[in-house]
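Student: Listed here are the chains, written in short residue letters.
Number of protein chains: 2
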Amino acid sequence: MSRLFLRTLRDDPADAEVPSHRLLVRAGYVRRAAPGIYSWLPLGWRVLRNVEKIVREEMDAIGAQEVHFPAILPREPYEATGRWTEYGDNLFRLKDRKGGDYLLGPTHEEMFTLLVKDLYASYKDLPLNLYQIQTKYRDEQRPRAGILRGREFVMKDSYSFDVDDAGLEAAYELHRQAYIKIFTRLGLDYVIVKATSGAMGGSASEEFLAIAENGEDTFVRSPGGYAANVEAVSTVVPEAIPYEDAPAAHAEQTPDTPTIATLVDHLNEAFPRDDRAWTAADTLKNVLVMLRNPDGTREPLAIGLPGDRDVDEKRLAAQVEPAEVEPFEAKDFAAYPDLKKGYIGPRVLGLENATGIRYLTDPRVVAGSRWVTGADVDGSHVIDLTAERDFVCDGRIEAAEVRAGDPAPDGSGPLELARGIEMGHIFQLGRKYAEALDLKVLDENGKLVTVTMGSYGVGVSRAVAAVVENAHDELGIIWPKELSPFDVHLVIAGKDDAIKAAAEQLAQELDDAGISVLLDDRPKVSPGVKFKDAELIGVPTIVVAGRGIADGVVEVKNRATGDKQDVPLADLVEHLA
Amino acid sequence: MSRLFLRTLRDDPADAEVPSHRLLVRAGYVRRAAPGIYSWLPLGWRVLRNVEKIVREEMDAIGAQEVHFPAILPREPYEATGRWTEYGDNLFRLKDRKGGDYLLGPTHEEMFTLLVKDLYASYKDLPLNLYQIQTKYRDEQRPRAGILRGREFVMKDSYSFDVDDAGLEAAYELHRQAYIKIFTRLGLDYVIVKATSGAMGGSASEEFLAIAENGEDTFVRSPGGYAANVEAVSTVVPEAIPYEDAPAAHAEQTPDTPTIATLVDHLNEAFPRDDRAWTAADTLKNVLVMLRNPDGTREPLAIGLPGDRDVDEKRLAAQVEPAEVEPFEAKDFAAYPDLKKGYIGPRVLGLENATGIRYLTDPRVVAGSRWVTGADVDGSHVIDLTAERDFVCDGRIEAAEVRAGDPAPDGSGPLELARGIEMGHIFQLGRKYAEALDLKVLDENGKLVTVTMGSYGVGVSRAVAAVVENAHDELGIIWPKELSPFDVHLVIAGKDDAIKAAAEQLAQELDDAGISVLLDDRPKVSPGVKFKDAELIGVPTIVVAGRGIADGVVEVKNRATGDKQDVPLADLVEHLA
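Chains as they are written, first to last, in the working numbering: chain A, 68 to 644; chain B, 68 to 644.
The following block holds chain A by itself, in its conformation from the complex:
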């Protein structure tokens, strides 16, 4: 440590919100170079390479073959699949000196597809699994949490190529098993959840989430074993309600009730129900947003949902991808005079109605359900407005928040919500990319068939942070063995030359035995500071060479449990091995 390029910091970096960001910067693993862009210092680089090693071993074990693509990619293939545009602002684009268009690869489906097309032609060449561990680029709108969500990051991405659906399913399962091994070896507390496939296209897909209170992803799980990313949860749809005998809708004066809360209060005061009080769930809230398409065009969208639920931004975003959601602003309202803010009802919404704004409703708005909703007149609402009879929508949307206690869609009980960090994603892409780029092989009968593909990712640099989120305490990081930058942190605690000499010899013996050692040989640094740094850095085994040396013993401390034990010098190598 007297020569290691390292300075531990006493203070948290000003921009750090989560423990992994704070600790990785304070303990000298990474350093910020630009927003969302980090440099790896010697300790951090060792950990990253340990993660790479685990991922590489498990990918090799399932017969995947390692290749390496460039990061700078030509526009054409991404144009062919539509992703040049669909990625929108998330893509780093650039021009070369001749004006040619390039991008920095956020993921490589197109390039892998073209490479296989380039070399392979027959069903006999398949199945094929290729992977790379490579630096990726995404121009995130809000890079955050250090390396947890950066703009330049390391990923393992792999791609499977099969001649039929059964082959794809087998490749998907192989990857699933490999990922279970990877995340187990990383020491992560993780969960596998159903996922939406987002901009990738394709069908079946699951995410591996590290369970972490600071995670950006919300997931649900049920006592019966259902687990899904919140974006992928489908609402349990109530049965339709017969409405032949339903009362007619009637508009009422509801002055000064532009919010659900004020409306419900007013209803209970002015129009009390016989059976029970009005609640927010009786109201139909109509929310307007503006969608910005990747080509820059904008279109409004109206969402109708029970008034007791908010729109979940992420669920909405997943539904409208690749368009991005923007607020519906004052100038937008001005363009639609039929919209009475606070009193918007479904009768002016929808492609066939006055505003012509597309109107999608929550799946709970079933035929025959009765609602209190805006009357499209300031200070007035309609009561008993009945779905299908009094209004229609242009389609359904899964955009309402999911709540703890909501039923699991597979009937496996009430959902609970938790947060996680997306660490891996496995996709059955199907034939989307092969079709767009014309990847076909001859089948057994000499007929050309389109190849079916899978795409599988692991966040390699993100894993470094996710592990820290899972494994730290108030003193610092606690690395799992396989990830730790060193096997042993050996502290020289004492100014005695004999202690120093014994420690140096010990370090050499451990090194010779294949046990890597971080030796804290800093002169003029107190034992207290050295211990603090050792706790912060987080090597799982801390050996203290201090006064005990005179008696031929060192103290061996378990960083995770704090357990201490005196071990004779002669036994140390064996003890640690």
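Think of the hints as simulated: they come from the structure by calculation, not from any bench. Among these hints, one or two may not hold up.
Pairs involving identical chains hold if they fit within one copy or between any two copies, as the list cannot separate such chains.
Unchecked claim - DSS-like cross-link-like pairs, simulated, lysine-lysine; straight-line CA separation at most 30 Å:
hint, residue 1, residue 2
1, Lys248, Lys120
2, Lys381, Lys407
3, Lys261, Lys165
4, Lys184, Lys407
5, Lys548, Lys120
6, Lys191, Lys591
7, Lys499, Lys261
8, Lys507, Lys184
9, Lys514, Lys562
10, Lys597, Lys191
Put chain B on the given structure of chain A with help from the hints.
Tutor: Relative to the frame of chain A, chain B by itself:
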């Protein structure tokens, strides 16, 4: 090989000019993704990682510490050192979604300087050597020769930080010795030559060139041990000549002599010398070029040199960097009516003369040297125009070609010329970057001193191609042991099940013994095709399991020498180990 992602090609790729490009594509090591941008297939990736391993081991051995910087870098530090502009079109520049300026790092002096400034503050922290093995980007005007000169490539770059010049020299020497080990282990036939420091700034610098007839770099060497990149050769300057008694200059009619050859013929016919014939070396040729500065401005430059030598484009380019050399075109002549094309003389050149064009002369144009040169009138030349007496220049320039037989500048004998591939470059940068970015530390006396730096590069991906340039024959590649993708290429030659079974068992035994095997188990591929592929792929040891299996022997072939030997199955592991 029945499952390896590989297709060897019978035909050379259409765009391949050099053997390494042809062979690496044909043998399935790399595949072009875009101009100057390549993907690494499984075999190539293994070789590249072998090169990385050698480089990493030798850098670790000199105590350099591995870090890893981003490739996408903010503009500001490069602005501070002037390189944002100086790099001109060679830099890939891009904007993020917020309009911020970024570049793709071609080399990382600025970032390393800032990182050290960020963490270190005292002379006690130094010396420090940091390195990374990382993907770099340069938007080459003419990417060529496959991975030999690409636009995305892998480099090892390292940086030394010292408090004084002695420290820098020691760090430089450490790197020099490490590089000698690296290039020896790579099996390269290389030479260390003096170099110019180009856009990097700084003083002492040497290049490691792989000797290769297809190399882009020309270097010289003398019997006495002088060696230099041709750009770095300094001309041996003749002694000045007394000119008190020199004849006066006299203009003569020399119709239709716009070239040196026609002029010399005319001189010998119309103005024969008594002592000897006129030669091109008696004439002073004035060459005009246009310089384009990185900021886009253009300025003319006139170069005066003996008529028997041409301007060497690369030597000129090295002298005028970061400006780029462009032709002096008809429109440029039109802008300077004093320039009479084919009859341009030094009396209209120079900042103080009619054209105001900067005029630099070859070092051979010493005071008192007498020349035949243009009289600035169509069809007329001046004879006995004497340097210093009749004309002056604005300075000297080393832009004339170097020729075999020219004297070495250190008096070590006549130079010979050869070609090479730049594989490594070591620089004593000095304080240029530390000054620009204000990297100072406190010295022993508590005074702030500017750190002095070195910068050191190895072309890692380029090494893969350079080794092939050095080691191939008409059949294919011949890998040195440390680089080969596998230790042994084991060919199943025969349809007999017993042969296949024996070969598979053998492969397992070798693998268990730590000898990596590429097993050619392709069914329905003839032994002849398998042998051809083995020669092309270039694993140094080829083992053939054929009819000999019945007698308990395999054939072991040395790819380089062609030597064959029968080895009993039981002895094979020991034989190969």
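Student: Give a verdict on every hint.
Tutor: Structure-based check of all given hints:
1. Lys248 <-> Lys120: For Lys248 and Lys120, the Cα distance is within 30 Å both inside one copy (13 Å) and across copies (27 Å).
2. Lys381 <-> Lys407: within (27 Å within a copy, 73 Å between copies)
3. Lys261 <-> Lys165: neither (45 Å within a copy, 34 Å between copies)
4. Lys184 <-> Lys407: Neither, since 56 Å and 59 Å both go past 30 Å.
5. Lys548 <-> Lys120: Result: close both inside a copy and across copies, 13 Å intra and 24 Å inter.
6. Lys191 <-> Lys591: between (67 Å within a copy, 12 Å between copies)
7. Lys499 <-> Lys261: Classified as within; 20 Å inside a copy, 55 Å across copies.
8. Lys507 <-> Lys184: Within one copy only: 7 Å inside, 55 Å across.
9. Lys514 <-> Lys562: between (79 Å within a copy, 29 Å between copies)
10. Lys597 <-> Lys191: between (60 Å within a copy, 18 Å between copies)
Of the numbered hints listed earlier, those contradicted by the structure are 3 and 4.
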